[in-house]
Every structure is written in structure tokens, then in C-alpha cells.
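Please model the complete structure; the sequences and the hints are all you need to start from.
Chains as they are written, first to last, in the numbering used here: chain X, 1 to 514; chain A, 1 to 313; chain D, 1 to 349.
Each hint should be verified, as a subset may be incorrect.
[As the list claims (entries may be wrong)] List time: in silico SDA-like cross-link candidates among lysine to any residue, alpha-carbon distance up to 25 angstroms:
1) LYS361/X <-> THR398/X
2) LYS82/D <-> GLY349/X
3) LYS215/D <-> GLU366/X
4) LYS379/X <-> LEU11/D
5) LYS316/X <-> LYS361/X
6) LYS201/X <-> LYS116/X
7) LYS302/A <-> ASP350/X
8) LYS116/X <-> THR170/A
9) LYS302/A <-> THR398/X
10) LYS232/X <-> LEU462/X
11) LYS242/D <-> ILE322/X
12) LYS310/A <-> ALA20/X
13) LYS124/A <-> ALA14/A
14) LYS121/X <-> LEU251/A
15) LYS168/D <-> PHE278/A
16) LYS297/A <-> LEU140/D
17) LYS270/X <-> TYR300/A
18) LYS248/A <-> ASN229/A
19) LYS310/A <-> VAL339/D
20) LYS310/A <-> ARG401/X
21) LYS247/X <-> LEU202/X
22) LYS31/X <-> VAL308/X
23) LYS242/D <-> VAL308/X
24) LYS33/X <-> LYS247/X
The set of hints was computed from the structure by calculation and includes no laboratory data.
Just so we're clear, the structure is a prediction, and the values are computed from it rather than from any experiment.
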Amino acid sequence: MDTDIVLKVDGITKRFGNLAANDGISFQLEKGKVLSLLGENGAGKTTLMNIIFGHYMADEGRIEAFGQELSASSPAEAIKLGIGMVHQHFTLSENLTVLDNIILGTESLWHVTQAKAEARKRLAHLSSEFGLKVDADAAVSSLTVGERQRVEILKALYREARILILDEPTAVLTPQEADQLFATLRDMVARGLSIIFISHKLHEVLAIADDIVVLRHGKLVAAFPAASASRKQIAKKMVGQTIPEPKRSEYLPGNVLLEMTAVHVLSEEKRPVLSDVDLTIRQKEIVGIAGVSGNGQKPLSDVIAGLVTPISGSVKLRGETITEFTPRAMVQKGIGRIPEDRHEQGVIGDFTVAENMVLEKYGDPEFSRFGWLKLTHLKGHAEKLIKAFDIRGAGTETAVRGLSGGNMQKVILSRVLDNNPEIILANQPTRGLDVGAANFVHEQLFKAREEGAGILVMSEDLEELLAVSDVIIVMYHGQVSKPIPVDDVTLQELGLLMSGDGFVAGHSEARDVA
Amino acid sequence: MEILDMFLTVGFWAATVRMATPLIFGTLGELICERAGVLNLGIEGIMTTGAMVAWMWVYQGGDLWSAVFVAAFFGLLFGYLHSIFSVYMGLSQHVTGIGITLLSTSLSYYSFRMLLPGVTTPPKIVPFDEFPIPLLSDIPIVGEALFTQSPLTYLAFIMVGVVAYVLYRTPIGLAVRMVGENPMAVEVQGIDVHRLRMGAVMVGSAFMAVGGAFLTISVFDAFYFDMVNGRGWICVALVIFSSWRPGKALLGAVLFAAFDALQIRVQQASSSFIPYQFYLMMPYIFSIIALIIMSRKAAYPKALLVPFRKGQR
Amino acid sequence: MLLEPRLHTPLWVTISAPIAAVAVVLILCSGLIIWAGAPVLDAYISLINGAFGSRFALSETLVRATPLIFTGLAAAVAFRAKLWNIGGEGQLYMGALAATYFGTGLVDLPSFLLIPFLFIVGALAGGAWLLIPTLLKTQLKVDEVVTTLLLNFVALLLVNYLLFGPWKDPLAMGWPQGAPIIDDGILPTLIAKTRLHGGLIFAVVTAFGMWVFMKYSRWGFETRAVGLNPDAARFAGIPITKTVIRTALISGGLAACAGVTEVAGTKGYLTLDISPGFGYTGIAVAMLAGLNPLGVIIAALFVAGIYNGADSMSRAMDVSNYIADVITAASLLLVLLAVMLTRMRIRWR
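In C-alpha cells:
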């Protein structure tokens with residue numbers, strides 16, 4: 001074939017401790033093509049891209065870009081060879097402007113002046129050429145997620161990237177924004193760029209990719225043109241076997257458990273982040289919250305978790321108004337909380353499994369007396385939960401930080417579910433987990449629902465929400481929509497509502513009548 | 001009304017500007033370190049070291065200006081040591097800083113004793129003379145206060161401008177500002193985060209050492225133990241007070257020095273019902289008050305105190 | 001260079017790492033001894049003898065270790081909660097002031113009551129002195145590093161004022177020192193003809209107490225949680241502010257006890273130089289001990305030995321006794337590094 005190979009990856013192996021995050025991976029990227037790297041969470045996709053971009057150095061193997069070998073492990077070298085990367089977590093400095101973020105590193109650090117005027121011109125040119133509108137002097141903190149991604153792409157283009165790597169770019173975008181991104185990518189390809197696109201969302205991949213490479217447990221298990229692939233085939237390659245997804249039983253909600261009426265929450269800078277929110281959660285019900293990150297999900301979950309007090313409005317639990325918004329009070333009232341970030345908020349990494357499991361109730365008579373901890377009870381309690389939840393990779397006295405994401409989440413789940421909570425707040429419960437672990441989480445949530453709990457699930461993964469929820473509520477600009485039965489809405493419709501198109505703030509019937 | 005009269009005396013303002021000098025150097029130095037994301041609690045010790053080595057250099061026959069460079073060099077050295085622990089190894093910046101202060105101070109005292117054994121009263125050297133700037137120093141009042149100062153004082157004021165320019169108008173300044181906010185953003189643009197931070201800490205420490213040198217080769221003429229007397233810590237407070245901006249750092253240093261000068265004069269002037277020790281407490285209490293005022297809205301560099309570990313997400 | 005967490009650290013590594021670090025320090029500091037023109041091996045032998053080589057030397061080391069155990073505990077407890085208490089020196093002096101105020105005749109109690117009473121009021125004074133910066137931290141978000149440090153200077157000036165002024169002992173022939181502690185308040189001597197006093201017992205018992213507290217008590221659990229991950233602790237419902245304040249009261253109280261033992265045990269009366277930097281040295285002790293209360297006892301003995309040994313060595317050879325400070329400071333840094341290396345592996349790239 002006469003097509004150029006712009007990137008050649010040969011036998012890349014990378015080990016962390018005993019684990020081979022990448023094991024003998026080889027593939028090629030042709031000029032002007034879109035290659036999609038698929039795999040579930042933990043398959044090694046990001047590690048591989050980090051090696052290509054120079055964040056890590058591989059233990060074995062070789063990478064060639066445009067015929068030249070990548071030898072050092074530094075992003076500087078990758079950039080020099082024409083590789084650009086848009087990371088999954090944005091690498092922008094919030095307090096500085098778009099222009100500052102883009103020109104950083106483009107001029108020698110020993111220069112005594114900055115050529116800002118030229119930079120501005122060049123940026124404007126690129127911006128219009130690729131249809132990526134940005135305000136060069138805007139502070140990054142004022143940009144939306146979609147705009148920030150545009151800045152990240154421009155950053156790479158400004159450095160004359162000819163190969164662009166995008167790591168899970170659509171994880172934080174609405175379906176409409178994702179479509180816009182794909183249009184931009186197609187445009188770039190037409191101009192001769194080559195693209196590697198990491199995702200775990202099959203429908204997107206099939207929409208945009210020319211070639212597909214599938215990773216599983218660090219190994220490359222399949223590589224084929226997108227045209228010849230079927231969804232089922234790919235899914236099987238990704239996971240290795242068809243794991244049956246847990247099924248949700250019929251929707252038969254019971255009594256009202258949690259009722260929020262006209263809740264307002266202000267941010268630390270006294271700006272409204274939650275406006276006039278009415279929300280109801282019933283027994284045997286899973287309510288899914290959809291929305292672009294930053295539209296009020298965090299304040300909402302903070303209220304229910306007891307981390308923030310609303311400035312007005314009422315929150316009633318089983319008819320009783322809540323007056324104290326502290327984590328302890330919420331736990332005691334029977335609210336179980338799975339935090340958004342298990343590393344930062346969920347567990348104390350250096351504490352043992354046993355200690356983490358009693359983090360919310362070490363003061364209970366079961367675990368302490370006269371101010372002294374009953375360590376044997378702690379241990380026994382942990383042993384019981386480890387068995388019940390099949391937690392692997394640790395004993396009761398192992399530090400939690402050594403556990404895998406899935407097992408760490410199990411520790412948190414076990415802690416939450418052990419109290420038989422009536423209401424469960426599950427914030428991004430399967431983020432970063434592989435299919436097996438994610439299924440386990442869903443199973444547990446369904447089980448709790450069967451037994452009468454009311455569950456609030458927040459997730460950036462719309463497919464997950466559609467699979468798991470009974471009703472879905474969209475959040476936009478701090479307001480909530482009316483609950484939409486899950487069968488009555490499609491992914492696309494959700495996407496539109498999430499970006500404000502057709503969004504109408506919903507209020508409970510009681511208020512409408514009044 | 002005696003107190004208000006003091007503000008009109010040239011002597012007061014001259015003293016203020018003079019006493020502000022070590023604070024300007026120290027605060028600028030700490031500001032550079034913290035902007036890059038590193039808290040440098042070695043400042044008290046590094047200032048002590050700067051004071052000692054500059055003085056010793058002159059005492060052993062060196063000239064005053066090369067003494068400044070020697071002090072800066074030792075500042076670079078201890079800054080390098082600090083950054084190996086705090087940046088390269090990612091160890092606790094609090095503990096590293098205290099360790100550096102204790103180490104540099106003790107090494108300075110040990111060296112002093114080794115080079116001048118059995119000395120009870122510290123010997124003196126000939127310090128920097130005041131250098132009146134031609135023409136400007138003839139302006140009444142202001143001329144004597146501002147333009148008849150030690151060359152190191154002029155250097156301090158010039159450095160405020162230099163640091164501000166470098167920080168806001170050069171590529172390396174942009175990189176330093178960013179690395180203290182989001183080091184990952186710097187790494188992905190191809191700049192080595194560790195090298196950048198280490199460089200900032202070294203340069204900042206050099207500034208601190210020069211601030212210490214000012215005490216022995218300009219203001220006083222001998223090296224006393226405990227000479228720095230907490231000025232380093234006050235600079236750490238002043239950095240917060242200055243919102244990490246060089247211009248405000250100058251303002252804070254001058255303000256603080258004014259209070260200090262005031263406290264000395266009031267002590268001397270009044271027949272004192274208030275014991276002098278309470279006047280001496282003022283600088284420290286003022287610093288605490290300054291911190292209270294500024295801490296509410298303090299916009300700390302976001303990555304301050306957070307070690308950057310390569311290859312970690 | 002990449003740092004990777006080790007999967008498992010064997011116990012012998014954990015124990016030998018600090019020892020190896022200290023060995024490296026002693027080797028490095030031999031350079032200083034050579035500079036002074038003294039024979040290295042003889043100098044170190046002289047140091048060891050001066051520290052532990054005779055009954056008297058050992059008793060002196062124990063005397064010096066007593067306040068270091070207290071200030072070491074103070075730093076260890078505070079640092080565990082990530083409360084950066086650098087104000088041990090000031091809190092020590094506050095304890096000394098309280099002991100002087102109450103122990104020089106104001107309160108008349110039999111010895112077995114007066115001594116504990118002096119410790120209690122001392123601890124309250126020290127706790128209160130640390131409470132000020134701590135409240136500034138919890139209520140106003142003022143960083144405690146600088147405030148605790150600055151208050152050291154204020155405390156010293158206060159002592160200066162009192163000793164030159166209203167508390168000056170008229171019987172002391174002009175020297176600035178406080179009135180002597182009454183006999184019932186003096187800590188009993190443990191070994192005749194030495195300065196070793198009952199303060200050592202208090203210190204060791206307190207260290208054990210703190211160890212038990214951290215490991216087995218509810219409050220210890222909360223303190224460790226808040227220090228390791230305040231976000232997760234807050235999410236789980238652990239009261240952060242209460243925990244930090246409680247830690248401050250304990251830490252300040254511990255440092256103050258050092259002041260009490262020096263006034264009521266070692267010296268018998270308050271002087272300006274009752275602490276040659278015990279507060280700061282305590283931080284080094286705490287770090288050498290890995291913030292472990294039992295380790296503090298050993299580290300305090302070590303550091304006290306170094307200082308005593310250096311004093312003796314400097315009398316025998318022409319090596320300035322400031323070498324003790326250098327050894328302590330260098331040990332602090334190298335042990336910090338060594339402890340990290342026991343937990344992480346370096347991969348050179």
C-alpha cells in the first residue's frame with residue numbers, strides 16, 4: 001500500500017509492580033485515518049497513550065513517529081515529533097487566560113520577551129481554519145467544558161501536531177457537543193492529520209473510526225477496519241465473554257421517602273448553584289440525574305450527603321423535616337452515600353480495610369466503649385463484609401490504597417449497604433470501573449431497590465443512566481426537570497435537554513396546584 | 001501627638017526604607033518559591049547563612065559586592081538541597097523547610113565558631129556606605145529618606161521591578177506561574193516540572209540569602225547569633241499579605257518596616273509605662289494581624305504544597 | 001526517576017532505615033570534624049562517652065531527654081493531624097510560666113498533689129497558647145505555621161519582661177530569674193548526686209499514654225483520619241474542627257510539660273535560657289521517631305545523647321558543640337528520606 005504510516009507502535013510493554021498494564025502491544029496508524037482504541041476501564045488504553053506522549057517510558061518496545069524513533073520519555077520530544085494529546089482530565093491552568101495556556105512552552109524559557117501579538121494572530125488563524133471558536137483573553141475558569149476542550153485541541157494544533165490523540169473526549173460532552181467534535185475531527189483528517197481516539201462507547205467509535213484496535217487486560221486482542229465490525233463482536237472482544245447485565249425488576253414505587261421542596265443553595269461566593277429544586281424519591285425507585293457537569297449536581301448531592309445546608313426550602317425524610325445537614329445526621333437518618341471520588345472522599349488510603357469500613361460509625365456502641373475502640377469487633381465486622389461483598393486483594397488489616405478501583409468501591413459499598421439505608425445517594429458509582437465491577441455495583445443497587453430503598457444515581461454516562469434508572473431528571477443551570485420515565489426518552493433527547501434545548505424546570509404537583 | 005510628629009521626621013522614613021530591605025529580598029524570594037508551588041520554610045536559616053557567609057567573606061578580605069554574590073551562591077546551594085527533598089523526592093515541604101532552617105543555621109554557627117574560635121565580642125567589618133544618588137538625593141526629605149541609602153537597598157527596589165517583569169512578561173515567568181497552579185499543564189507542554197520548580201526554589205533562596213547578607217554587610221557590621229530574629233518567618237506572612245504579587249510585597253515590606261521603625265521610636269521617646277518588651281512584640285503581632293486580614297480571601301497557588309510525581313495521574 | 005509504592009515493606013526495613021540514615025549523617029559530619037582538625041574516630045568516641053559512657057553522663061543525657069520527649073510528643077501528635085505546630089518553644093515557656101506562677105508559693109499543697117497540679121496548669125497554659133493559632137486556622141483559615149512560630153517570639157519576650165520585671169527574684173542578686181519553686185513542687189531526684197528527676201518518669205509514662213491513645217482510642221482514630229485525608233474524614237462525618245482543636249490542646253499541653261519539668265525538676269526556678277531550643281529540637285525528635293510516640297522516647301534519648309556528647313567532645317577537642325545541631329538537623333532530613341524509601345521504590349529512567 002502507498003499510504004504513509006505516521007505512527008508505528010511495536011511490542012510496547014509496561015509494568016507497574018506485578019501488573020502488566022501494557023503487554024506486547026503493536027499497531028500502526030496511517031496518515032489521514034482515525035484509529036479508535038477501545039477497551040473497558042483498566043484495559044491499559046490511557047497507559048499506552050501516556051507512553052506515546054512521553055509521560056511514561058515503556059519497559060520494552062519501540063515507538064516511531066513519522067519514521068523517527070521516540071527515545072526519551074518526555075512530552076517535549078513527542079511534541080517535537082508532531083504528536084499532540086488531549087488528556088482525559090484537562091491540563092489547563094484556571095487562573096490564566098486561554099492565550100497563556102496555549103503559548104506556554106512555545107517560546108524558549110530563556111527569552112526575555114513574549115511575542116504575544118504574533119501568537120494572538122496565529123491562534124486566531126488556527127481558530128477560524130478549524131472552526132474552533134475561543135476568546136484568547138478569557139480566563140479558563142470562565143469557560144464551559146466544551147470550550148475548554150476546544151482550547152486543548154487548539155493547544156495541540158498550535159504546536160503543529162500532525163497526530164492528535166484524544167483520551168475519552170466525549171465523557172464530559174453532551175451528545176450534541178460530541179457530534180460537533182466529530183465534525184471537527186473529520187475536518188482535521190481532511191487536512192491531513194491523523195487521529196487516535198480512545199473511548200469505551202461503541203456507538204461513537206463506529207460513527208467516527210476508520211480502524212479499531214481493542215485492548216483487554218493490557219493486551220491487544222483485535223485490530224480491524226471499522227467497516228467490517230459489528231457491535232456485538234467488538235463488545236465481546238472488549239470484555240472477553242458476554243457478561244449478563246443485571247436486570248431491573250418492574251417499576252412499582254412505594255411511599256415517598258425523600259422530598260425536597262423549593263431548595264436553594266448558594267456557593268461559597270454566594271452565587272445560586274441550586275435554584276428552586278423540587279425532587280422526590282420513592283421506595284423501590286431509582287432516580288437518575290443527567291446533566292453536563294457543573295449544572296448543580298454537586299450541590300444537590302452535597303445537600304443529601306449532609307455537606308451543605310440549603311439557604312431556603314425544605315427537605316423532608318419520611319415526612320419529617322431535616323434541620324441538621326451534617327454527614328453524621330444523614331447517616332443516622334438512614335441515608336447511604338457513595339461519594340463521587342472514592343480516592344479523595346470515599347476512603348482514607350492509609351487506613352486499613354477494617355478502619356475504613358467503620359469510618360461512619362466507629363462511635364457506635366458496637367465498635368467503641370468509653371472512648372476506646374473495640375478492635376476485635378472492627379476486625380470481625382470487616383471479615384464479615386469482605387466475605388459478603390467478595391472483596392479481593394486485601395485482608396482486614398491491609399491499607400486500602402493498595403486495592404483496585406473495583407475493590408475499593410466494594411469497600412465503600414459494603415460500608416454503605418451494611419446499614420440498610422432507606423435512601424442511597426450513588427454519585428458516579430461506576431466511574432473508572434471495569435465491566436465486572438460495574439455490574440456488581442448495579443446488582444447491589446437493584447437489590448437494595450428490591451428491598452425497598454430509594455436510590456439517586458448521578459452519572460456522566462448516559463447509557464448507564466438509561467440502563468439503571470426508573471425515572472430520569474435532567475439538571476440544567478441549577479434547576480431540575482420533571483421526572484421523565486426512562487422508557488419515554490432517548491439518548492439524543494436527553495442530550496438536547498442537558499444543553500438547555502427544550503429544558504423546562506419542573507416542580508412538584510403540590511406546588512403547581514398552589 | 002508626638003507619634004504623629006514622628007511621621008514627619010526624615011529619620012523615620014530613612015529607617016523604614018532601610019529596615020524594609022531584608023524583608024523585600026526575603027519576601028520576593030519566598031514569593032518566587034511559592035508561586036512555583038513550593039513552601040520554603042528554610043528562609044529563616046537561609047537568611048542566617050547569607051548573613052554569616054557574606055560577613056565572613058568580607059572579614060577574610062573579600063570586597064562587599066562579591067560578598068553579595070557569595071551569599072547568593074550559598075542561597076542557591078541550600079535552595080538546591082531543599083528542592084531535592086521537596087520537589088525531586090516529593091517529601092513534606094513543611095518538614096523539609098524546618099530541616100533546612102535548622103541545618104543551615106547550625107552549619108553557619110559551626111563554621112563561624114571554627115573560623116573564629118574563642119571570640120566573645122563579634123569582630124566588625126566595614127559595611128556598605130550609604131550611596132546618595134546624585135541630584136535625587138538633594139530633594140528635601142524624600143531625597144534623604146529614599147535616595148541616600150545603601151546600594152543594596154536600591155538593588156532591592158530594582159529587584160521588585162525585575163521580578164514583576166520576569167513573572168508577568170517572560171515565558172519563564174508564565175511557566176513559573178502555571179507550575180504553581182497546575183503542574184500537569186506545564187508537563188504536557190514539554191517543560192520539565194521538577195527542573196522548573198527546583199530552579200525557582202534556588203533563585204528564591206538566593207534572594208533570601210542576599211536579604212540576610214544585608215544585615216551584616218550593610219545595616220550592621222558584625223554577625224550576631226540569632227541576628228535574623230524571625231524576619232524570615234515574617235516574610236512568609238508578608239507573602240500571603242502580598243497576594244503573591246511583587247508590587248504588593250514591596251508595599252507589605254515597607255508597611256511592616258514602618259511599624260517596626262515606629263515601635264522603636266515610640267519605645268525610645270515615651271517615658272514608658274509600657275515595658276519595652278511589649279514594643280518588641282509588636283512586629284510579630286502585626287504579622288499575625290496582617291495574616292488574619294488577608295487569609296480570608298487568600299488565593300493560594302493551587303498546587304502549593306502538592307508534590308508533583310511523574311507518571312502519576 | 002519514578003517513585004512507585006512498594007507492595008510490602010518488611011519490618012526489619014522499617015526499623016533499620018532510620019538507623020541507616022543516622023549512620024550516613026555521622027559519616028557526613030565527620031567532614032566537619034576533619035575541618036576542625038580533630039581525629040574523627042576519637043572525636044566520635046569522645047561523643048559517645050560523653051553521652052552514655054559513665055553513670056553521670058547517662059544521667060545527664062536522661063535529664064536532657066526528658067523535655068525532648070515532651071516536645072517530641074507535642075510535635076508528633078500535632079503533625080499526625082497535619083497541624084503544623086512549630087510553636088513548641090513558646091508553649092514550653094508558657095508551661096514554665098504557669099509552673100512558676102503557681103509553684104512559687106501561691107498554692108500550698110502536699111507534694112503528691114502539687115506536682116500533678118503544676119503539670120495540669122502548665123498544660124492548660126500551653127494548650128491555650130496553641131489554641132490561639134489553631135482557632136485562627138479553623139475559623140479564619142489562617143495558616144498555622146507562621147502564627148505558631150511568631151508566637152514563640154512573643155512568648156520569649158513575655159518571659160523576658162516578667163523575669164526582668166515583676167517576677168524577678170529579689171534574692172537572686174540581680175540575675176533575671178524567677179523565684180524558686182517551693183519544695184513541695186520540686187520533682188524528686190531519681191538518682192542521688194545527679195540531676196535526674198521524676199520528670200523522666202512522667203515523660204515516659206506520657207509517651208506510652210499517647211501511643212495507647214493514638215492506636216486504641218476513638219479520639220486517636222479521629223486524629224489520624226483528619227491528618228491522613230480530611231476530605232474523606234469530613235465526608236464520613238468526623239468532626240474536623242473539634243478534632244483539630246482537641247489535638248491542639250493536647251499538643252500544646254505536652255510541650256508545656258517540658259517547661260514544667262525544666263522549672264520544677266532540672267533547674268528549680270525559671271530563667272531566660274531554660275530552653276536551648278527544646279521546642280524546635282522536639283520537631284526533629286518527632287520526625288526521627290516517625291511520629292510514633294514510643295519512637296519519640298528512643299529518638300529523644302538519641303538526640304539528647306548527641307548534644308551531651310558534643311558538649312563533652314568540644315571540651316576535649318576543638319570541635320564546636322554546634323556539631324550537635326548539625327547532626328540533629330541532618331538526621332531529620334535523612335530520616336525523612338529514608339522513611340519514604342521504605343515505602344516507595346525508585347525506578348531510574
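We went through each hint and held it up to the structure:
1. LYS361/X <-> THR398/X: holds (20 angstroms)
2. LYS82/D <-> GLY349/X: holds (16 angstroms)
3. LYS215/D <-> GLU366/X: With a Cα-Cα distance of about 18 angstroms, the restraint between LYS215/D and GLU366/X holds, given a limit of 25 angstroms.
4. LYS379/X <-> LEU11/D: Within the cut-off at roughly 22 angstroms; holds.
5. LYS316/X <-> LYS361/X: holds (23 angstroms)
6. LYS201/X <-> LYS116/X: violated (40 angstroms)
7. LYS302/A <-> ASP350/X: Status holds; Cα separation ~24 angstroms.
8. LYS116/X <-> THR170/A: holds (10 angstroms)
9. LYS302/A <-> THR398/X: violated (32 angstroms)
10. LYS232/X <-> LEU462/X: holds (20 angstroms)
11. LYS242/D <-> ILE322/X: holds (23 angstroms)
12. LYS310/A <-> ALA20/X: With a Cα-Cα distance of about 19 angstroms, the restraint between LYS310/A and ALA20/X holds, given a limit of 25 angstroms.
13. LYS124/A <-> ALA14/A: Holds, at roughly 23 angstroms.
14. LYS121/X <-> LEU251/A: violated (37 angstroms)
15. LYS168/D <-> PHE278/A: Measuring from Cα to Cα gives roughly 17 angstroms; hence the hint holds.
16. LYS297/A <-> LEU140/D: holds (10 angstroms)
17. LYS270/X <-> TYR300/A: holds (20 angstroms)
18. LYS248/A <-> ASN229/A: holds (23 angstroms)
19. LYS310/A <-> VAL339/D: Holds: LYS310/A and VAL339/D sit about 20 angstroms apart, inside 25 angstroms.
20. LYS310/A <-> ARG401/X: holds (18 angstroms)
21. LYS247/X <-> LEU202/X: holds (21 angstroms)
22. LYS31/X <-> VAL308/X: violated (52 angstroms)
23. LYS242/D <-> VAL308/X: holds (18 angstroms)
24. LYS33/X <-> LYS247/X: violated (39 angstroms)
The structure does not agree with the numbered hints 6, 9, 14, 22, 24 stated previously, though it agrees with the rest.
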